[in-house]
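Line order of the protein sequences matches chains A and B.
Just so you know, the numbering used here puts 107 at position 107 of the first sequence, and the rest follows in order with no gaps.
Just so you know, the numbering used here puts 19 at position 19 of the second sequence, and the rest follows in order with no gaps.
Read the hints as simulated data drawn from the structure, not as lab findings.
Each pair of labels, with its calculated beta carbon distance range:
id, chain 1, residue 1, chain 2, residue 2, range
1, A, Met27, B, Asp59, 14 to 22 Å
2, B, Thr45, A, Asn7, 17 to 25 Å
3, A, Leu113, B, Asp55, 43 to 51 Å
4, A, Asn28, B, Pro9, 34 to 42 Å
5, B, Ala70, A, Lys18, 42 to 50 Å
The structure presented is a predicted model; accordingly, all values stated were derived computationally and were not measured.
A virtual CB, placed ideally from N, CA and C, is assigned to each residue, including glycine.
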Amino acid sequence: EAQVTQNPRYLITVTGKKLTVTCSQNMNHEYMSWYRQDPGLGLRQIYYSMNVEVTDKGDVPEGYKVSRKEKRNFPLILESPSPNQTSLYFCASSQTAANEKLFFGSGTQLSVL
Amino acid sequence: DQQVKQNSPSLSVQEGRISILNCDYTNSMFDYFLWYKKYPAEGPTFLISISSIKDKNEDGRFTVFLNKSAKHLSLHIVPSQPGDSAVYFCAAKISGTYKYIFGTGTRLKVLA
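For reference, chain B alone in the conformation it holds in the complex:
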């Protein structure tokens, strides 16, 4: 059973607008959530993370929001740029372990 779900396989956004990528989880035993970006033929690269004790973390154009009651995580990119076009994976670390569960990814396309 997939514990971390990214229900939107793809998303297209106009350059300069906001991109919102969503992630839902079913397990309350996660203590850290992360977002990774992946370009074709490359490995994923770390983007931003948030501890389960926080509800928001910001780094430049990227903000991650955590809604624990809804078990929902989102990544906001403002403003979106064509170079942001990539596949985005959300991931969660199981508390007390060093195991990570990844979502299936959302392909973001930013249109110039």
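The shape of chain A in the complex, shown without the other chains:
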């Protein structure tokens, strides 16, 4: 089954403790991206990657890092999480950067205490 898989689904952590949210897709998609969803703000793009080793900032990249060492994986790294990063995170992929149809994962609810 074609899918985008995020782990974990839920995560509670404390301020400053480094964490990684994993994202993997099995569709051989070139383009991957990360979003956060906050009440009243919709989905905001954090980072995106057009292919292996090619990443760029979205609208809200501060406090986040990403890497794209393999085509299928696009982890989101929070080196020193803060409470304002408490949010619902979605990973998405599409066949190419020019293909607008995004496939989303089921989301990761992160709480930073």
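Following the hints, put chain B in place on chain A, whose structure we already have.
For chain B alone, kept in the frame of chain A given last:
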């Protein structure tokens, strides 16, 4: 500043009737517009899209209209079904980039 706005947080429609979801944008540099549907505890799923050079795109019960002069996008669902109850997000792609701007979503409730 929110460049893509969905001013109606919620909408209720009777089953079988038309649902119209609206989206306004402030930036003329968008080249693609999309609608996504989201059920609770799931990620958004792609519904329909339209290029900025078109004014209408249809796919089964779903039609998207684009009025460039008014900077307005709408999604029509006819006939509405209870399974259409979800949150709908409109999104726009910034021309020349791979950045997407999403609206805040409209919760549609279709009453049986």
